[in-house]
Each structure stands twice: as C-alpha cells, then as structure tokens.
Amino acid sequence: DAKTTQPPSMDCAEGRAANLPCNHSTISGNEYVYWYRQIHSQGPQYIIHGLKNNETNEMASLIITEDRKSSTLILPHATLRDTAVYYCIAFLRNSGNTPLVFGKGTRLSVIA
Amino acid sequence: EPEVTQTPSHQVTQMGQEVILRCVPISNHLYFYWYRQILGQKVEFLVSFYNNEISEKSEIFDDQFSVERPDGSNFTLKIRSTKLEDSAMYFCARASGVTGELFFGEGSRLTVL
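If you read the sequences in order, they're chains A and B. The numbering of the first sequence is my numbering, which starts it at 1 and goes up by one. The numbering of the second sequence is my numbering, which starts it at 1 and goes up by one.
Since the hints were made in silico from the structure, they are not lab data. Heads up, the beta-carbon is just placed ideally off N, CA and C, and yes, glycines get one too. Honestly, I wouldn't trust all of these hints.
Claimed, not checked - Once the Cα atoms are required to be at most 30 Å apart in a straight line, the calculated DSBU-like pairs of lysine-lysine come out as:
| id | chain 1 | residue 1 | chain 2 | residue 2 |
| --- | --- | --- | --- | --- |
| 1 | A | Lys52 | B | Lys42 |
| 2 | A | Lys69 | B | Lys42 |
| 3 | A | Lys104 | B | Lys42 |
| 4 | A | Lys104 | A | Lys69 |
| 5 | A | Lys69 | B | Lys78 |
Said to hold, decoys possible - The following residues of chain B were derived to be distant from chain A, with all beta-carbon distances above 12 Å:
| id | residue |
| --- | --- |
| 6 | Gln14 |
| 7 | Lys42 |
| 8 | Val43 |
| 9 | Glu56 |
| 10 | Pro70 |
| 11 | Glu85 |
| 12 | Thr99 |
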C-alpha cells in the first residue's frame, strides 16, 4: 500500500470547516483512499473512502485531486466532539485480507 | 452497522499469566481482525482471520499469540505468557467483505504488572 503523509496536528474553531490534507503521491491506480478517526482511546471509526471521485456522506466530504496524489477530508461544521486523531490510509481492495495499516495521523483539536 | 462488543474492558494480570480477550461480532461476518495500540503509539495490526483461519499476521503476532472462533460467534485473542510490553489496548474489528471499511470495538485495555 502507498505511503501517506499528514500534518501531525491542526486546530480548528468550533463551527468552522476542518480541512485535513493528505499526500499520497505514490498511490497506485486501484488503491482507495480511506479515512478513519480515533477519539481519545476509543476504537478507530471509519469515516469515508474514495477512489477517484469526490465523496460525501453524513460525516464528511472527501476531495481527491485529479492526479490522485493528494486528498482533503472536510468536516463542514466542526464540533468539540470532532477532536480526534484522523488517519488517511491508501488501501488496495480486493487484495485478499491485506490489513489496513495506520500511520500517525493528524491530531485535530477543535477549539471553542 | 451493529457494533462489535469486546470483553473485558480492562484486565490487569501478572507477567507470565495467560490472558484471553473476547470479541463478539455479528455471526454472519467472515472477516475479523485484531489490532493493538500501546499507549501513545500507533494502532498496529496483529492478525486477520477469514473463514475460521488466519489469513495474515504481523511480526508482532508471534507464538505467544493465538486466535480462534470456538463457537462461531465469539472471536478470541489469547496471549499465553504475558510480558510487560504486552500492555496495550487491544481492538477487535470486523468487516463484511474484502473492504477497507472496518468496524472496531471499544477495545480491551490490558495491563501487565
């Protein structure tokens, strides 16, 4: 799986959009971009994933650049409960049972 | 999606003792995983389990570790002789298919003294 690079930490004001960047310049054509988050010491929580097209669900939006070398996770109206470590993972689906590999992620602090 | 339930939530044990951590996923899921997270460190993959067999395991998953699904519902991780460095949060996860969409439990905190 391709390596991803994320800033170690970010701050965001409550109510504003949180834009979390991720670089994955070596991503292959059939690797998906997955985002997870981990609130305090809870289990990681799946947020969203995409391949080429931008995706949106009830939690977030995922914007993937046309060359697929980077992506941005957008939390449109961040709340204090969104304070967490956010992980961007490049993952090859249909590869048997190859596991997700978590990096260090970005620690997002939402500030009142 | 239904959640994964893990027990115990916290276990304290003496070094050298055996520990069994349990995970109760939904029985019709076929893909299960154990991850661990040492305090302040990354979430690390231990083992994946598909169709009642280990399909992938990491270097961490040595002979001291074993997994099984004894009754078709519970999914267990056993550590035969715990070491101090086994102290960590252990997370069970399940997936409904070959996908990166995993559903994690709340974790079991293991403290080895």
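Hints, verified against the model:
1. A/Lys52 to B/Lys42: 28 Å, holds
2. A/Lys69 to B/Lys42: Given pair A/Lys69, B/Lys42 holds - Cα atoms ~24 Å apart, limit 30 Å.
3. A/Lys104 to B/Lys42: 6 Å, holds
4. A/Lys104 to A/Lys69: Distance of about 19 Å is within 30 Å: holds.
5. A/Lys69 to B/Lys78: 40 Å, violated
6. Gln14: B/Gln14 clear of chain A: closest Cβ-Cβ about 23 Å, beyond 12 Å.
7. Lys42: The claim breaks: B/Lys42 does not keep its Cβ more than 12 Å from every Cβ of chain A (closest is about 6 Å).
8. Val43: 4 Å, violated
9. Glu56: B/Glu56 is in fact no farther than 12 Å from some Cβ atom of chain A, at 5 Å.
10. Pro70: 20 Å, holds
11. Glu85: At roughly 18 Å from the nearest Cβ of chain A, B/Glu85 sits farther out than 12 Å, so the non-interface label holds.
12. Thr99: 6 Å, violated
Checked against the numbered hints given earlier, the structure breaks hints 5, 7, 8, 9 and 12 and satisfies all the rest.
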